[in-house]
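Construct the complete structure from the given sequences, taking the supplied hints into account.
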Amino acid sequence: MTETTANAPLDSLHDLVSRIPDGAKVALPPDYSGCAMAAVRALSQRGVTGLHLVGVPSLGLQADWLIGAGAVATVEVAAMTMGEFGIPPRFAAAQKAGEIAIIDGTCPAIHAGLQASEKGVPFLPLRGILGSDLTKHRTDWIEIDNPFADTADPILLIAAICPDVALFHAAAADRNGNVWIGVRRELMLMAHASRMTLVTVEEVRDCDFLQDEHMAAGTIPSLYVDGIAIAARGADPVGLSGVYDPQPTVIAEYVAAAKSADGFADWAATHLYDRVPA
Amino acid sequence: MTETTANAPLDSLHDLVSRIPDGAKVALPPDYSGCAMAAVRALSQRGVTGLHLVGVPSLGLQADWLIGAGAVATVEVAAMTMGEFGIPPRFAAAQKAGEIAIIDGTCPAIHAGLQASEKGVPFLPLRGILGSDLTKHRTDWIEIDNPFADTADPILLIAAICPDVALFHAAAADRNGNVWIGVRRELMLMAHASRMTLVTVEEVRDCDFLQDEHMAAGTIPSLYVDGIAIAARGADPVGLSGVYDPQPTVIAEYVAAAKSADGFADWAATHLYDRVPA
Amino acid sequence: MTSIDQDRRQRTEAMVAAIAPRLVGLRHVAVGASSPIPATAALLARALSPSPLRVSLLGSRAHNPFTDGAKELFDCAAQGRIDAFFLSGGQIDGQANVNLLGIGAYPDFKARFPGSFGSAYLYHLIPRVILFREEHSPRTLVERVDFISASGTSPAGIYRVGGPYALVTGLCVFDFDRTAKRFRLASTHPGVTTDNVAAATGFRFDMQDSVPETPGFDPTTRQLLNTRIADEVAETYPKFASDFWQTNA
Amino acid sequence: MTSIDQDRRQRTEAMVAAIAPRLVGLRHVAVGASSPIPATAALLARALSPSPLRVSLLGSRAHNPFTDGAKELFDCAAQGRIDAFFLSGGQIDGQANVNLLGIGAYPDFKARFPGSFGSAYLYHLIPRVILFREEHSPRTLVERVDFISASGTSPAGIYRVGGPYALVTGLCVFDFDRTAKRFRLASTHPGVTTDNVAAATGFRFDMQDSVPETPGFDPTTRQLLNTRIADEVAETYPKFASDFWQTNA
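Protein chains in written order, with this note's numbering: chain B, 53 to 330; chain Z, 53 to 330; chain F, -4 to 244; chain C, -4 to 244.
Mixed in with the good hints there might be a few duds.
Subject to a maximum C-alpha distance of 25 angstroms in a straight line, what follows is the list of computed SDA-like cross-link-like pairs (lysine to any residue) [stated by the list, open to error]:
#	chain 1	residue 1	chain 2	residue 2
1	B	K311	F	I98
2	Z	K188	C	V156
3	C	K234	Z	K188
4	Z	K148	C	F104
5	Z	K77	Z	V295
6	F	K176	F	D204
7	B	K188	F	A195
8	C	K105	Z	Q299
9	C	K176	Z	A204
The hints are simulated quantities; they were obtained by calculation from the structure and are not laboratory data.
As structure tokens, this is what we get:
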């Protein structure tokens, strides 16, 4: 079932995350859209620091592990949420302690910033948003007057967001290093917009998704994929839509433990640092 | 196999094209990306006039039928080409006679204009293009100075292109009016960007593409589809990629006949106006 | 049917009953994630609507029509293809400003909420945005929000096709008057007086002499809710559906 | 092997032989539709390249890697993911301006070409754009194009990461000097003199005293071309492949 290719030789998880330098700007999906949780374990174990996380458009448990592990300097997000479990506990603590920079945005502006990077342009315009206090704190949002309008027509320009790395988990890669993401097109946008794309997958299939008319439309071509590692159940415990469900009891245990720094450290010793696949 | 739904009751070809008013701005794909040729026959037979065709991004035989039928006032395109058959003959004649307005553009600007419409913004910026004589003739392209740059940095803004109608042919619709287009995502962009989307399909399948993870990624949701008509081999003679091939001998016959207005009229009497399905 | 108390059940019912009629007749209603009450109201409105009403539930598989990634909801709104949407808020003020970010002064909030999500954008682009907040108290409904995630109104000359339409709480319904830029008490839920509302509301609002009660469900509608709608809700919100609606009524 | 005359075959071979070495070592070469000579050269370069070279052929199923619609080629170029591309032109001038629109004054051209396609954009964004035009005559290679579809050079201060790298014709190869903004004769094809080139060229160009002959194929490369490469070309250009390359050499 697995096969390496010239285009995308398979990495170990360890090697995959070794390509993420300290201080990198890393685009991550929200907990429901394909999180490379096994890679995040490996990254935490390595002791990475100074990451600038870009939530596409929000972050949850995945980011909280990294924040708890001291890996994160900045989060750029439309929201920090674990859904029914509320605000991620280590994020809440870091925010209270002033230990983390937060670039507060709004979902469509994050998507537009990534689309600007995808199109290789310095900005994209967006309607709405004007009047929100968010605009007061964003030097990378500039209001101009729409040059196509006859009368005054203020519109916001959103600067391109160019992550160094996009990191996510998907159901499968093929033998040529193409990655199938189905309708999760935000992952494709992340890959197009980022300088490097690293992916963990449940499995590698011995076929070519681009030659299969039913798979091609949901496939990120290997052109955009810089590294692939196999990680079976690599999205545990947040789950992989259509493949396996989230594990609410595991998440609840984490949330209970991570309310304090000590509790996180205890939890991490046995659940984060100890469980890194080779 | 076929079924009407509340979301997208099936139209006859005649009823489908009756929703395209004279003078409409109609977005059409190039000859290789799913042309609703049967619908174009029906439209020509109706005697539609004054159309503004937007090629996404080029046009060929499909547009030439409409131009020969006197239906077209304006073409907005990056190219007018029938590939190995050269420039469409009725277009060439209309251009020589000054009977048609031509808005000459470039492929990425047409896509960007449609993306601006898709995003509900008045313009999108694009790199490149500056220095092309095309810019001298486009009042809907405005050069500004990139407000995010520290030094002078001219960049072109492309006005949104908002077609009244997107018209194309696809392999299949499902019972809920969703249309499967596979990797032909430019058709999805056309649908998102246009006020109305009319589609002809080879068949309607008794299933829901959105519930099928392998079909969903290549599907235009019925939300964007305003009318569907069944037209078996509806893309003849330009063909439908992956379903049936173009018919070069039929196309060659057309090109030979349509070199003159009389030749076109003779050809059209038996091949365009006579062959409209009910 | 589980241990949800009767008060909570009644409030939830009243909120659904208040929202649903405000959606009937529309073409497309979208509901954000983690919004079971608006989802229930939207699915009920679809069943009651004389014309086809499309309901898109984010987070649902059966009712999520999007195939162009997470940006599609926002593009779709900007295209004018979404008629109604729902926003909640940690704070909502009398000018319908919404605060989803935190209490206190930015950035060192005393209490931080999850975040603004797409509110700043969708509030401007979707014609009928219905605000909902079950907790109706001076803490949640304030004179002035501490942080404007999404502004309720805009100055003349700002492109804005959307905005607040109503505010539905556990006590009552306010309609929003976009000209006066103020809420007007439209109805109070069963057992709630206008004095109760005034005491629980931190912002000033308009009120006519006589304020009707929020209409409840007739037996046919209740039957629909406890059968077909409960089943539809359960696809996305199974616990909510079993807590609130009898599927064997 | 069909009725293609020997001259045409030799010119085609020389063009492929001229283009391929200019692609070896790159990461990603894209080839537009209806471009069999560049496609052949790109596939040959892939086979000869010491490092992985990706070839994307528009209009090919096996070699088309795009899944985001017709816009993806252009986005991909702007992302810096395409190292080389090919443009032809109805007219090409001495400053490497390309005219794909028509002869005469816009808009009432005496002769109209198909159109500018993506040239105006890709020429600015792809580092190594190779111009190709088999017909080498004062009609095609002119002092000044009648219409600039895509400009060969840009003033300082214009964002431009791409541009002309070489011009390959049926007679010779010019390299483009971006500083001097002029072509320089790099080699002449077998049997062609510099005087032949000068007589056939409508623009002025630079030339060193001694101009080498365009290197041909060694036997190994010719064998590769007539076997594996011919098969790969045939997937997209079956007629061209059978016309020009012996698949049973």
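Evaluation of the provided hints:
Between K311(B) and I98(F) the alpha-carbon distance is near 20 angstroms, which keeps this suggested pair within the 25 angstroms criterion. Between K188(Z) and V156(C), the direct Cα distance comes to roughly 23 angstroms. Compliance with the 25 angstroms bound is thereby established for this hinted pair. With a C-alpha separation of about 40 angstroms, the suggested pair K234(C) and K188(Z) falls outside the 25 angstroms cut-off, and the hint is violated. For the hint linking K148(Z) to F104(C), the alpha-carbon distance of about 8 angstroms falls within 25 angstroms, and the restraint holds.
Restraint check for K77(Z) and V295(Z): the C-alpha separation of about 29 angstroms exceeds 25 angstroms, so the hint is violated. About 20 angstroms separates the Cα atoms of K176(F) and D204(F), which keeps this hinted pair within 25 angstroms; it holds. For the given pair, K188(B) sits about 31 angstroms from A195(F) by alpha-carbon distance, which is inconsistent with the 25 angstroms threshold. Our distance criterion of 25 angstroms between C-alpha atoms is broken by K105(C) and Q299(Z), whose separation comes to about 31 angstroms.
Distance restraint check for K176(C) and A204(Z): the Cα-Cα separation of roughly 23 angstroms lies within the 25 angstroms cut-off, and the hinted pair is therefore satisfied.
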